[in-house]
Amino acid sequence: FISHMASYSASGADLPLNLPIHSFDEHELPGLPPLLRAAIVRVGFQEPSALQRSALPVGLARRDLLIAAAEHTHGLCASLLIPLLAPLCGGGSADQTSSTSGVSSEHALSNQPACAPVSLFLAPSRQAVCAAAHLAQELCHGASVSVGVACGGGSIETSEALAGIHLLLATPGRLVDLLEKGSLTVSSVKRLAIGAADSMIDLGFESYLRRIVLEEGMPLPKERQTVCSCSALDESLAPLLALLQRQDAVRVADNVPWRATLHRELVTHHVCYADECAKQAALVDLLRAAAGLKLVITKSRPSCDMVGFFLHEEGVEAVVLHAERLKPKERDAALTPFLTGQVAVLVATEAALKTIELPNIPHVVGFDFPLSTQEYASRVCRTG
1 FISHMASYSA
11 SGADLPLNLP
21 IHSFDEHELP
31 GLPPLLRAAI
41 VRVGFQEPSA
51 LQRSALPVGL
61 ARRDLLIAAA
71 EHTHGLCASL
81 LIPLLAPLCG
91 GGSADQTSST
101 SGVSSEHALS
111 NQPACAPVSL
121 FLAPSRQAVC
131 AAAHLAQELC
141 HGASVSVGVA
151 CGGGSIETSE
161 ALAGIHLLLA
171 TPGRLVDLLE
181 KGSLTVSSVK
191 RLAIGAADSM
201 IDLGFESYLR
211 RIVLEEGMPL
221 PKERQTVCSC
231 SALDESLAPL
241 LALLQRQDAV
251 RVADNVPWRA
261 TLHRELVTHH
271 VCYADECAKQ
281 AALVDLLRAA
291 AGLKLVITKS
301 RPSCDMVGFF
311 LHEEGVEAVV
321 LHAERLKPKE
331 RDAALTPFLT
341 GQVAVLVATE
351 AALKTIELPN
361 IPHVVGFDFP
371 LSTQEYASRV
381 CRTG
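The numbers in UniProt numbering rise by one with no breaks, and the one at position 325 of the sequence shown is 325.
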């Protein structure tokens, strides 16, 4: 018998004694400030998810943490944010003082940047950063915590606009740009969160991450807490993680990574058999029969463009997005008609999907066959 429920386990030395938890109550999570506990319930987390049951006790114990989960959910994002926010929402005066110490008269008499966040959250795309920032603002509502955003595709951040920020959420490229301009410093960072670390590598951001943590005065791993997420544990991540985290970092991963995803109760799986020459016509029939938003996933740019062209020829309007179109403004302009419902179909490559944050889509179609169960599970996470 194999349970359909996700079964996450934590591995590492000296694990917290209170895991796994079953509620957000004080007796299970004594390190969770009351204000943050109330906010967690207010935003919709009535009880911890399977992932949070193991991840939150580790994060709140201020241990370094690596989460391996295929899901794209608020629960995963909250598991990264809560360890960053807890010290700020629980009367962490030392944290907040260090964040703003360079903002007043001291800043006016020196060349120190006005922005010196104590908590830093990095994600590979503007959409992911903005979604995390929205959740962070909801979680720390009512607390004296200043949240700032720095990512491509928006207005240019100034030193004055970023002054006094406690938690900064940013894309690696924009953060490096601000560091070069002297608009901020990472020398005060006590807690670092990196979302989708594997996507960071896939999208070519590893050099930015190395510069941020190694060359810009950020405290060493032993002097800060670092929490990271990735879709799956992979050996290609090992060199980067060795730079980011302490050797005693705890790993939280699903015992069978794809199992819970493929058995999500709200997802129905269908297989459509078609010869290669009939796939396009079968796709058109599927899209015309389905109501609501539809996502078509391809493996490559040529396949993506080919599907988009064929749909256009058949009178099916679609947004086409692939890795050649990763500039934030172009990406936003392409996605807007789909996200607003003006266009019901989005055709995208696997690589492009790693750079965007989408709501759960009613219908996901894999035009090209996935290469692994993990890859298929990642697609399923886009719906349900």
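No lab work stands behind these hints: they were computed from the structure. These numbers were taken from a predicted model, which means no experiment stands behind them. Misleading hints may appear alongside valid ones.
[Said to hold, decoys possible] Dumping the calculated DSS-like pairs for lysine-lysine here, alpha-carbon to alpha-carbon at most 30 Å:
(1) Lys190 with Lys222
(2) Lys279 with Lys222
(3) Lys329 with Lys299
(4) Lys181 with Lys329
(5) Lys299 with Lys279
[Claimed, not checked] Beta-carbon label-pair distances, calculated as ranges:
(6) Arg301 with Thr340: 42 to 48 Å
(7) Ser236 with Ala274: 30 to 36 Å
(8) Glu276 with Gly44: 21 to 27 Å
(9) Asp275 with Asp14: 20 to 26 Å
(10) Glu313 with Gly44: 25 to 31 Å
Just so you know, even glycine gets a beta-carbon here, dropped at the ideal spot from N, CA and C.
Against the structure, the hints come out as follows:
1. Restraint check: the Cα-Cα separation between Lys190 and Lys222 comes to about 10 Å, which is no more than 30 Å; the hinted pair holds.
2. Pair hint Lys279 plus Lys222 does not hold up; C-alpha atoms about 54 Å apart against a cutoff of 30 Å.
3. Between Lys329 and Lys299 the CA atoms are separated by roughly 23 Å; this keeps the pair inside 30 Å, and the hint holds.
4. Between Lys181 and Lys329, the direct Cα distance comes to roughly 22 Å. Compliance with the 30 Å bound is thereby established for this hinted pair.
5. Distance restraint check for Lys299 and Lys279: the Cα-Cα separation of roughly 15 Å lies within the 30 Å cut-off, and the hinted pair is therefore satisfied.
6. At roughly 25 Å, the beta-carbon separation of Arg301 and Thr340 lies outside the given 42 to 48 Å, and the hint is violated.
7. A C-beta distance of roughly 34 Å is found between Ser236 and Ala274, which places it inside the suggested range of 30 to 36 Å.
8. The supplied range of 21 to 27 Å is broken by Glu276 and Gly44, whose beta-carbon atoms lie about 44 Å from each other.
9. Judged by the Cβ atoms, the range 20 to 26 Å given for Asp275 and Asp14 is violated: they are separated by roughly 57 Å.
10. For the hinted restraint 25 to 31 Å between Glu313 and Gly44, the CB-CB distance of approximately 43 Å leaves it violated.
Hints 2, 6, 8, 9 and 10, counting from the list given before, are not met by this structure.
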